[in-house]
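Chemist: Residue numbers (my numbering), protein chains in the order written: chain A, 1 to 596; chain B, 1001 to 1387.
Source of the hints: derived by calculation from the structure; they are not laboratory data. Values in this document were obtained by computation on a predicted structure and should not be read as measured data. Beta carbons are placed, not taken as given, at the ideal position from N, Cα and C, and that holds for glycine. Possibly wrong hints are sitting among the right ones.
Stated by the list, open to error - Here are some chain B residues the structure puts well away from chain A; computed CB gaps all over 10 Å:
id	residue
1	1082
2	1086
3	1344
Stated by the list, open to error - Here are some chain A residues pointing at chain B (derived, C-beta under 7 Å):
id	residue
4	60
5	89
6	92
7	93
8	124
9	130
10	453
Here is how the chains run, residue by residue.
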Amino acid sequence: MANTVKLNIDGIDVSIDAGKTVLDAAKKLNIHIPTLCYHEDLCVAGNCRVCVVEQEGVKNLVASCAMPAQDGMVIHTNTHKVRNARRHVVELLLSEHNADCTKCYKNTRCELQDLAGEMVINEHMFLDLVPDKNYTIDMLSPAIIKDDSKCIRCQRCVRTCQELQHVSALGVAYKGEHMKISTFFEHSMYDVVCTNCGQCVIRCPTGALIEKNYLDDVWDAIYDEDKHVVVQTAPATRIALGEDLGMEAGSIVTGKMAAALRRLGFDSVLDTDFTADLTIMEEGTELLTRLKRALVDKDPTVKLPMTTSCSPGWIKFIEHMYPEYLENVSTCKSPQQMFGALAKTYYAQKKGIDPSKIVSVSIMPCTAKKFEANRPEMRDSGFQDVDMGLTTRELAVMIKQAGINFKELPDEKFDNLMGESSGAGVIFGATGGVMEAALRTVYEIVTGREVPFENLKITPVRGMEGVKEAAVKIENVLPAWSFLEGVELKTVVAHGLTNADKVMQAVKNGTADWHFIEIMACPGGCLGGGGQPIPTTPEIRKKRAEAIYREDEGMAIRKSHENPEIQQIYKEFLGEPLSDKSHWLLHTHYNARKRV
Amino acid sequence: MPNKKLKRVDIIFSEDCVYKDVLAESLKKSNEDILKDILDSGLRGRGGAGFPTGLKWKFASQETGEEKYVVCNADEGEPGTFKDREILTRVPLKVFGGMAICAKVIGAKHGYIYLRGEYKFLKTDLEKALEEFHSFVKELGFDFQIHILMGSGAYICGEESALFESMEGKRGEPRNKPPYPTISGFRNKPTVINNVETLVYSFMICRIGAGKFHELGTADSRGSKVFSISGDTPIAGIYELELGMLLEDFVEEFGDGDTKAVQVGGAAGFCVPRKKFKDTIIGFEGVPTGGSMMLFNSSRSMYNVLKNYVEFFEEESCGQCTPCRVGCQQLKKGIEAIKKGEKSAHYLDTLQKLADTMKVSSKCGLGQSVANSFSSIVDNFREEMIY
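Chain A on its own, in the form it takes in the complex (with noise of 0.2 Å):
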């Protein structure tokens, strides 16, 4: 049904698909319309009333976000009645809103201030209702801020929470006056489902739900001269950090980032993609030995299909919602818990420094990485092995807060010893590119061979929809894997906690017959993280997806075996894939969760 539709905006005549609504038609336009509520990721909630608009004929205003388009409509958006209806739908926010915003961390980047200075709003119309509410901040999360009395309702949060993630963990509560966004019995985000994806944190439009920062941490640690500070980079952080400071979406900054964290301070500028290189090895090793079990030794306790363990989200997302396959999950730590293992024992013995005096920084795309690196579990190297996780958007106030003029900045290296890295470590930050890099290395264990793919690059796996699956037919194999002859490896690549959620059905249903399973929790993956810049929107995804994959494409190593860094990691400290030492500083268990 392509049929269109005509209408007419402020006296020009537009034509536009059905089903699209006056807002979309306007954007043809490039009529401005303010909005609020309104999110591309999300379902229409129509709740903010900003984005009004006067159609003839109809005694009401009309949400634009939600009028379907309609032929013969005619819409006027820049009416008496209009500037005034959305003059006090933002006063109206503004008063039950905490508007010391130079108090905020959201200051200078939040729609409710931009759109106050859009109208030009020099005094508050009506009464403040702010006193007489009982607002509550909500901090006991290592990662994510709930500051009620920033919120202004507009239910993004919910939505993305719900339809995005599946989880539920925000909800709207009380009615009237009493509204609210809430958790569960008003529990503590802490105490929650919510999986510190921090998806709600990208959508918030003001400060109501802000990651939690480390930065003052982190300065005093540079400041430290007892302190050697390590920083690692994840992988999604080099294609978006760009946007914050000043340059296009799908801009890659490898280089200038690089630069800026050695010019901040950091003593060792190190990537994260290094241990992703790692983590393939012991995870495609991992899957190796399952399906050995499975298909030679016919152990029955073997768990597949095997799923990946990177992204933090995920993991507090099957611990909560389906605690009886945590066995599936790969017991590998994520890339940056990996690193951190290894900053205070490998990094430590090669430098010569004591542990103790190492503070473990890491840039990541991610708020769940937080919550991650507080969890008791990930002290093995006898530490609390990554000391403090930014967000990208934390690492960009850094820079601006230190002067650096970040666009001329010249492109530098990472340091040596975990620094070095392939194009299979790179696109980890992407949908799919744990499974793609995990093929490039497992296949040519198995064959010999590359993986029978143009340049390397597995096309099934890449791209923006929510469930892919991908079969690799294994054949010719070496004499020591003889039992895969033949073998088709089923995989499935999931994105959005919610498309994780259909997958897990289908495991669970006894429909699926995968072998390997890759979920990350963000839509698009790491680049569409939590705590990579905002805004986030399809387009801006796609955009960094593309860079991750020219990035992958400009590396002269492209598979994680053949990352000499890693070769050398074996040979010296670690021994092989899987080893006790392996096991003591890269592998990890799973706690099943309540589901509140």
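Model the placement of chain B on the given structure of chain A, informed by the hints.
Modeler: What follows is chain B alone, placed relative to chain A:
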């Protein structure tokens, strides 16, 4: 259009009617004939909004698809309205009959009564009546089941789309319209949702004929209506009256001789002061009502009346849309501040403008109708708001 003299009628509760005969006869008629009757009668929705009932049925009947529903809105929550309670108590079978006729016309197999939480005491009796009804339709070979779902006490769930959300087990929040219920209602299927009284009138039109009904009332407001009369009146209660009467006649009949204002249509309705009684017609061409008529005599403070209403709305707004959620709080705090002298009398004008915005920009009828009582009381009793 000349007004009608006040006239009591007896249609709804009339005992001159064997529901079984009416239902059996009606189910034998063709859908077109029934639709024609309902359309010709001029019956408009009795819940307050007044949408032509025949059109609603017609739209739903034109929708394709197997699954359709008839929903009886018995979430009678408008302050001052208690006529549905009376109807459900005295003539429940006529309500079911109306639902069955509608179900036949649109092609529904299931009907739902969404019963106000506070009317839980009616449930047992209704279920008993339903047993009788179900066995009778079975006898007639008509495949139709009615189920009762209980509300939980939220005023907003009387708004049809919030009612569907509530029926589906979700939080009762109004949906965006379009799509309207006849296209996408309960479970996103074509649904006719009618007020209790509308369904009984539909049933009775099948009994007395469209012509008889059409003779009553005025051009815009055909037929009669059940009124819930309360306040400063010596004879409070339920009365079925012909539509289109002058408020002056109404007050003459029901007032206590000292009526200073009548709130027509409940908290969501309009306040008419004494000086306008003689120009006000009760009906869609004048001031419409879902049934509530509250009379106030000169001992009443209109400030208190208004404050009571806005407090009610402040509490009963679902809270999702900005104009309604925050607007109600501002209206209440605003009039309090003026009364206390913390804000000047001019602030009333700001509040009036705010009420206008709420009327045109709120998502549903609740927020849109707050301005009705607010503006009509402030306009007519301004000095009572200030001093």
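Chemist: Take the hints in turn and mark each one as holding or not.
Modeler: Okay, the hints, checked on the actual structure:
1. 1082: holds (23 Å)
2. 1086: Holds: least Cβ distance 28 Å, greater than 10 Å.
3. 1344: The assertion about residue 1344/B holds, with a minimum of 13 Å to chain A.
4. 60: holds (5 Å)
5. 89: Residue 89/A check passes; min Cβ-Cβ to chain B is 5 Å, inside 7 Å.
6. 92: holds (4 Å)
7. 93: holds (6 Å)
8. 124: Status violated, d = 11 Å.
9. 130: violated (11 Å)
10. 453: violated (43 Å)
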